[in-house]
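K.L.:
Please build the complete structure, drawing on both the sequences and the hints.
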Amino acid sequence: MHTLEEQIDLDVPVQVAWEQLHRVHQYPEFVDGLKHAHAHGNHRAHLDIEVAGEERAFETAISDHGGNQVMDWRTLDGAHLHGTVVLRQLDPGTTQLQVRVEYEPEAVQEAFGGPHGFAQSGAIERTVRSDLAQFKRLVETDRPVPGGP
1 MHTLEEQIDL DVPVQVAWEQ LHRVHQYPEF VDGLKHAHAH GNHRAHLDIE
51 VAGEERAFET AISDHGGNQV MDWRTLDGAH LHGTVVLRQL DPGTTQLQVR
101 VEYEPEAVQE AFGGPHGFAQ SGAIERTVRS DLAQFKRLVE TDRPVPGGP
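The numbering of the sequence shown is my numbering, which starts it at 1 and goes up by one.
Bear in mind the hints are in silico, worked out from the structure with no lab data behind them. Note that the structure is a prediction, hence the values are computed from the model and not measured. We put the CB at the ideal spot given by N, CA and C, even for glycine. It cannot be assumed that every hint is accurate.
[Unchecked claim] Just the calculated beta-carbon pair ranges, DEER-fashion: (1) GLU106 / ASN68: 32 to 40 Å; (2) GLY93 / HIS38: 28 to 36 Å; (3) GLU29 / GLU54: 15 to 23 Å.
P.N.:
Below is the structure:
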């Protein structure tokens with residue numbers, strides 16, 4: 001099992017970032033390759049991704065804990081992926097978002113294609129960093145109202 005950890009500071013309060021994390025339908029706006037996403041059932045999400053011109057679907061389970069500061073997710077089918085997102089208030093208007101992703105390299109290669117070994121780790125790292133930067137732009141620009149839709 002490989003683990004990737006990244007973080008980024010957001011110029012928004014924790015609650016604003018937390019609300020944005022739960023807008024599953026907006027995930028395609030910041031997750032590379034994700035074409036469609038929707039929440040359904042009890043803490044579940046359906047994700048449609050495109051990889052090398054092929055569409056694939058994944059079901060994920062999402063759980064919240066830590067007083068609106070920790071979100072865990074894991075795939076229920078396909079490649080085994082598990083992640084944790086932690087929000088930490090740095091000051092009233094600044095939040096640090098930390099993400100940890102655990103994955104089996106062989107399963108990721110089989111499900112998504114792409115490079116092997118160190119090149120695969122580098123590609124995943126670049127993708128996660130890009131996704132975090134996109135999330136930062138979205139949450140700082142959109143500025144959703146806490147408790148809003």
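K.L.:
Give a verdict on every hint.
P.N.:
Status of the hints after comparison with the structure:
1. The hint said 32 to 40 Å for the Cβ distance between GLU106 and ASN68, and at roughly 35 Å that hint holds.
2. Take GLY93 and HIS38: their Cβ atoms lie about 31 Å apart, and the range 28 to 36 Å holds.
3. A hinted range of 15 to 23 Å for the beta carbons of GLU29 and GLU54 is consistent with their spacing of about 22 Å.
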